[in-house]
Amino acid sequence: MDKAIILNAGEGKRLRPLTELIPKCLLKLNGTTILEHQLASLAECGIKEVVIVVGYRADQIPKRIKCKNFALSIRFIQNPIFHRTNTVYSLWLARDEIKTDFMYLNGDVIFHKYVLKRLVDAGYDTCLAVDKRNVGEEEVKVQLVKNKVKVIGKSINLSEAQGEFVGIAKFSHKFNPLFAEKLDDVVREGKVNAFFEAALDRTLEHYSVYAVDVSDLPCIEIDSHEDFNAAKKIYSKIIKA
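In this note's numbering, the protein residues as written are 249 to 489.
The set of hints was computed from the structure by calculation and includes no laboratory data. Please note that a few of the clues may not be correct.
[As the list claims (entries may be wrong)] Straight-line alpha carbon distances no greater than 20 Å define the calculated PhoX-like cross-link-like pairs of lysine-lysine that follow:
1) 314 / 296
2) 347 / 422
3) 380 / 296
4) 396 / 380
[As the list claims (entries may be wrong)] Computed spacing ranges between beta-carbons, pair by pair:
5) 396 / 425: 15 to 25 Å
6) 408 / 296: 36 to 46 Å
7) 406 / 485: 37 to 47 Å
8) 265 / 455: 39 to 49 Å
9) 438 / 477: 34 to 44 Å
10) 308 / 474: 29 to 39 Å
11) 485 / 425: 35 to 45 Å
12) 324 / 279: 19 to 29 Å
Idealized CB from N, CA, C, for every residue including glycine.
With the hints as constraints, model all of the structure from the sequences given.
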């Protein structure tokens, strides 16, 4: 597992005014940006190549990490219509990069490095990091049959959800042609403002995708000011672990 793709094109509107002048991934957690945390964790996990899809305030991201030495080959893909698209379109722009095994990360996730290690070491070639708990309406939920993902999306009935997809996954070269096809389908249908899970959900009847339980590990996706404040506390625990 040598490659990772991180999606960082969004505007982070719910975090304004913090994101008025900078992209969300450059918000600092006790002096370290979200992106730097992710890159350091990926490098420690053995990743060699990272592709970052950028959009909002895109010029700031290469400048920020240029002076850092993560021992990573980092490339960027521009989403020029980030203001009216979502993660399905950003990942579709990177479709030529998903021909090999890769780790997927939402660009706003803070996590313990063992989340990555647990996915890499899992016996499944394609799997999602899942926090198995009671979830709310806003989370990307999963419905499971044992550890196999049956349905993924925000619209799953709360009583039928077994947990939240935390925005980190491992995808295999065997799975990726089907995944790319479903990304194409969603974009071709004009649903460019959908989350990438809309394409992922369409693969599930054709390919076995599994959940890896990370409920015992610190992990949070930062969407709101409340999340950001919680992430600072979580990050303090992570760096001490």
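Taking the hints in turn, this is what the structure says about them:
1. Restraint check for residue 314 and residue 296: satisfied, since their Cα atoms lie roughly 16 Å apart, inside the 20 Å limit.
2. For the given pair, residue 347 sits about 9 Å from residue 422 by alpha-carbon distance, which is consistent with the 20 Å threshold.
3. Taking the CA atoms of residue 380 and residue 296, the gap is about 30 Å. The hint is violated against a cut of 20 Å.
4. Taking the CA atoms of residue 396 and residue 380, the gap is near 13 Å; set against the 20 Å cutoff, the hint holds.
5. Taking the beta carbon of each, residue 396 and residue 425 are about 20 Å apart, inside 15 to 25 Å as hinted.
6. In this structure, residue 408 and residue 296 meet the distance hint of 36 to 46 Å, their C-beta atoms being roughly 39 Å apart.
7. Remark: the range hint 37 to 47 Å for residue 406 to residue 485 is contradicted by a beta-carbon distance near 28 Å.
8. Under the hint 39 to 49 Å, the C-beta atoms of residue 265 and residue 455, about 43 Å apart, fit the expected range.
9. Separation of residue 438 from residue 477 is about 37 Å and conforms to the stated range, judged on CB atoms against 34 to 44 Å.
10. The beta-carbon spacing between residue 308 and residue 474, approximately 25 Å, falls outside the hinted interval of 29 to 39 Å.
11. Remark: the range hint 35 to 45 Å for residue 485 to residue 425 is upheld by a beta-carbon distance near 39 Å.
12. At roughly 24 Å, the beta carbons of residue 324 and residue 279 sit within the given window of 19 to 29 Å.
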